[in-house]
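*Asks:* One-letter residues, chain by chain:
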Amino acid sequence: MQWEVVIGLEIHTQLATQSKIFSGSATTFGSEPNTQASLIDLGMPGVLPVLNQEAVRMACMFGLAIDAEIGQHNVFARKNYFYPDLPKGYQISQMELPIVGKGHLDIALEDGTVKRIGITRAHLEEDAGKSLHEDFSGSTGIDLNRAGTPLLEIVSEPEMRSAKEAVAYVKAIHALVRYLGICDGNMAEGSLRCDCNVSIRPKGQAEFGTRCEIKNVNSFRFIERAINSEVQRQIDLIEDGGKVIQETRLYDPNKDETRSMRSKEEANDYRYFPDPDLLPVVIESAYLDDLRATLPELPPQKVERFQSQYGLSAYDANVLASSREQAEYFEKVAAIGGDAKLAANWVMVELGSLLNKLGVEIDQAPVSAEQLGGMLLRIRDNTISGKIAKTVFEAMAAGEGDADQIIEARGLKQVTDSGAIEKVLDEVLAANAEQVEQYRAADEAKRGKMFGFFVGQAMKASKGKANPQQVNQLLKSKLEG
Amino acid sequence: MHQLTLAGIARGLADKSFSSEELTRALLQRIHQLDPQLNSFISITDELAIAQAKAADARRAAGESGALLGAPIAHKDLFCTQGVRTSCGSKMLDSFTSPYDATVVARLAEAGTVTLGKTNMDEFAMGSANESSHYGAVKNPWNLEHVPGGSSGGSAAAVAARLLPAATGTDTGGSIRQPAALTSLTGLKPTYGRVSRWGMIAYASSLDQGGPMARTAEDCALLLQGMAGFDPKDSTSIDEPVPDYSASLNGSLQGLRIGLPKEYFGAGLDPRIADLVQASVKELEKLGAVIKEISLPNMQHAIPAYYVIAPAEASSNLSRFDGVRFGYRCENPRDLTDLYKRSRGEGFGSEVQRRIMVGTYALSAGYYDAYYLKAQKIRRLIKNDFMAAFEGVDVILGPTTPNLAWKIGAKNADPVAEYLEDVYTITANLAGLPGLSMPAGFVDGLPVGVQLLAPYFQEGRLLNVAHQYQQVTDWHTRVPNGF
Amino acid sequence: MALERSDVEKIAHLARLGLNEADLPRTTDALNSILGLVDQMQAVDTDGIEPLAHPLEARQRLRADVVTESNQRDRYQAIAPATDSGLYLVPKVIE
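Residue numbers (UniProt numbering), protein chains in the order written: chain Z, 1 to 481; chain E, 1 to 483; chain A, 1 to 95.
If you are wondering where the hints come from, they were derived from the structure by calculation, not from laboratory data. These numbers come from a predicted model, not from an experiment. The C-beta atom is built at its ideal place from N, Cα and C for all residues, glycine as well. Among the hints, erroneous ones may be present.
As the list claims (entries may be wrong) - DEER-style ranges, computed between Cβ atoms:
1. Thr210(Z) / Asn384(E): 42 to 52 Å
2. Arg5(A) / Phe208(Z): 34 to 44 Å
3. Asp270(E) / Asp39(A): 40 to 50 Å
4. His32(E) / Val66(A): 26 to 36 Å
5. Glu57(A) / Pro243(E): 21 to 31 Å
6. Ser162(Z) / Asp84(A): 40 to 50 Å
7. Glu50(A) / Thr210(Z): 31 to 41 Å
8. Glu47(E) / Asp39(A): 17 to 27 Å
9. Ser17(E) / Glu57(A): 46 to 56 Å
As the list claims (entries may be wrong) - According to the in silico footprint, chain A covers these stretches of chain E (three or more CB under 8 Å from chain A):
10. 37-43
11. 350-364
12. 368-380
13. 415-427
Using the sequences provided together with the hints, build the complete structure.
*Replies:* Laid out in structure tokens, this is it:
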């Protein structure tokens, strides 16, 4: 049986406000337990919430960026359930009238195509605290520092068809919220957390299969692995004649498997109702117009501009625009180097694999945009060949200085003096007289392959420094000669 | 000295007939002596009171003045008071020493009031008889075998017994006006949003409102002045200027249009109460008021709607009492569910548990539309009735309660019997309107109250009508035997 | 529609209220009596009526994004039933 995977994601992004969504407590990560838990965050008797305007602004920015309808009349609702990290016994969230309505986001796939993913809604809510399960004399410890941190929960349509697509979507959301400056994107600290709804169905079937929700997956790598292992579990289950039950599951990266979270299963009757402590939040269109004017250039516009201004392919433009830092890096390299396509290639391929190898982000790249741009200039003025450039790049990464310094110090300058190249060629032809005879006797079809042999010998003899075009040209005339 | 009203105390303190400390000591002594008969206090805050009285005397000596500077009051025990137990009449909060002050407490302290104690109340303000308190029933000073009404029954009994001149109360469905009526006091529930709810432990957030309870309208004006006003800490607080309520007392009632809703005088009303209400109408007519009959056709639906909305909100508001961060925690919980169930099962009394369950049910999957949403629609119908009525009249008048104060225990068999006692008061909470109850006579030695309702933010108008009425009547000056 | 004993148990569980076995019949009766009162609502015609959540229908005011709170942990935990190392304690939670 051919199975189709269906994935929808709920992404919780912590908004980068100074204070909490309903109280004046700080939102700093990593403070001593319960030192950032005010009367309101603790749910003391008699306390009341007052909404943080910055959280509203950030949610609206997100809505504008995904081309969504922004709710003019917003109602906060209480989601009622008992859990020790939820001090009031309810979470203030939004149910019927979310601040951000239907929108969409384009993601770049590895095959070079671009896919549009629908976003169902995004709503504001408060984060819960943390349960610490280390042993406190047989008890669980509760830290409420995180309780009340503003979250924007972004809910996608079930439109992703593979774990890779899901990761591309999460990366796109991650990039967007950082472009907007509304979330620091620090997944290790839980600033962006992902719940994955995964189901499978026979290829061609219209109805969805029963889905499972994998809670709280906190890295791109784990999202991919968690989804893949859940998909495999569901396939095995169904093919063995079993049935998928709708439930919440947790991904265990050590075992690379998901397991059922029974504690979350019982009594999920959340009894939503409008929070009577809060009034409707009205968002005027004039406010949105002002806000729209403050939007930075976002990935979609950047992708379009990269294509029209630099002549890049849609895929390259998407990859380069996927983070604000990378886009800025690329544009700097292109401006200095004077060749956007060449810049795009170097940033995506050589720099990309270097960063991957080092496991760092582009803002910590050991080769600066200025350095890379300077090296491209040397490629373009034929000082070095593309091949030698790789050596120069590695040397720059190792901290040996700028391209010019390295070329000078290592004597990598390309030989373009035709007299010098002819001398090398003559030596090569003399040393391979037999092959020269064969070449001259061969027909046109065979000559092509044999010609490469001489080029290789010539480049080897010049230690790669001879200008390849000149080598080709001169060699041809000498052999034909 | 204990017969003095707030206004009288203000004069006495101003002309130095006595100091706040002298007055405070006298009243504390009276409370310790007489309250055991009434059980109107949960906590008597002697030390705090003496310290506040001394501070008030010092402020006065330094040249400060103010109607409430040095005035002794008490707070219903759901106003959080820093460093003082704030129990809400519940075992759940018997151990809860509030780490902060409610805005009402802070504002009145700033104005110089002296807090003599925290008054008894129905547990979590759920009741109309003050029988559901963990600290025992409160007795009506007019007849110790009868209830004082609730839920602000402690404040009512204490003020009626002249243990102190005034106290704060809260009103979610009549909890200021009904006990005021049953103890011959003047009590005012302000417009929703007029008085901050910050630090006022919530029963039903969209209905709760704090207000003054005193013997006269004049005193209610003084106390409300200290309580009212915008509070940025309460999102539902309204940013409207607070008028000078004392200045509004003396306006003439000539031409005042008073509406009598025919629904308030139908079946269920004790005819002896009806007679006294009609007598009060006659007095107001003599003062120049014009009487019109009006209709509030949806009034009868108010109690059913209220008993969805209030329990629904309460069921959620009271979820925070879980034995984790404050309040009662059961002994040796086996697991988390046991901790929750036993802490809440043992910490809450039966009426509170019933309302939590009704509210939980009304909000649960499949019932929300039929209960909660339906009730909110009826709520709008009730508001619309009032808006239409106020097109033609300035205030609405009727009985505050259908019956006299009943004997303690008489309505314990069926909770619904007690709910029906709020039939005339509950509509003002659903519509968010200001309402006032004032003394209008006695039947068999038990007090009867008349209720006045006005459009939003017209507390001044209600106080004006009540004050003018109190200039020509003496019901509010009567003292219960033994006090 | 009257509540059965099992409905009451379910509601009590949702509300995390530990009911006494002995009180269940009385509680069930009381709840049914209250719901009987409440059900009178169903006779009211509310077609086309918008629900009213707040009497004055005001709008939410927003707060400036400013940190106004400082660490008060010791004061707040002084009234807590069980704490250790600054944490509130609950019986072990199994995930």
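*Asks:* Run every hint past the structure and note whether it holds.
*Replies:* Hints, one by one, checked against the model:
no. : hint                              : in the structure
1   : Thr210(Z) / Asn384(E): 42 to 52 Å : holds (47 Å)
2   : Arg5(A) / Phe208(Z): 34 to 44 Å   : holds (38 Å)
3   : Asp270(E) / Asp39(A): 40 to 50 Å  : violated (27 Å)
4   : His32(E) / Val66(A): 26 to 36 Å   : violated (46 Å)
5   : Glu57(A) / Pro243(E): 21 to 31 Å  : holds (22 Å)
6   : Ser162(Z) / Asp84(A): 40 to 50 Å  : holds (46 Å)
7   : Glu50(A) / Thr210(Z): 31 to 41 Å  : holds (37 Å)
8   : Glu47(E) / Asp39(A): 17 to 27 Å   : violated (51 Å)
9   : Ser17(E) / Glu57(A): 46 to 56 Å   : holds (49 Å)
10  : 37-43                             : violated (count 0)
11  : 350-364                           : holds (count 10)
12  : 368-380                           : holds (count 10)
13  : 415-427                           : holds (count 3)
The earlier numbered hints that this structure contradicts are 3, 4, 8 and 10.
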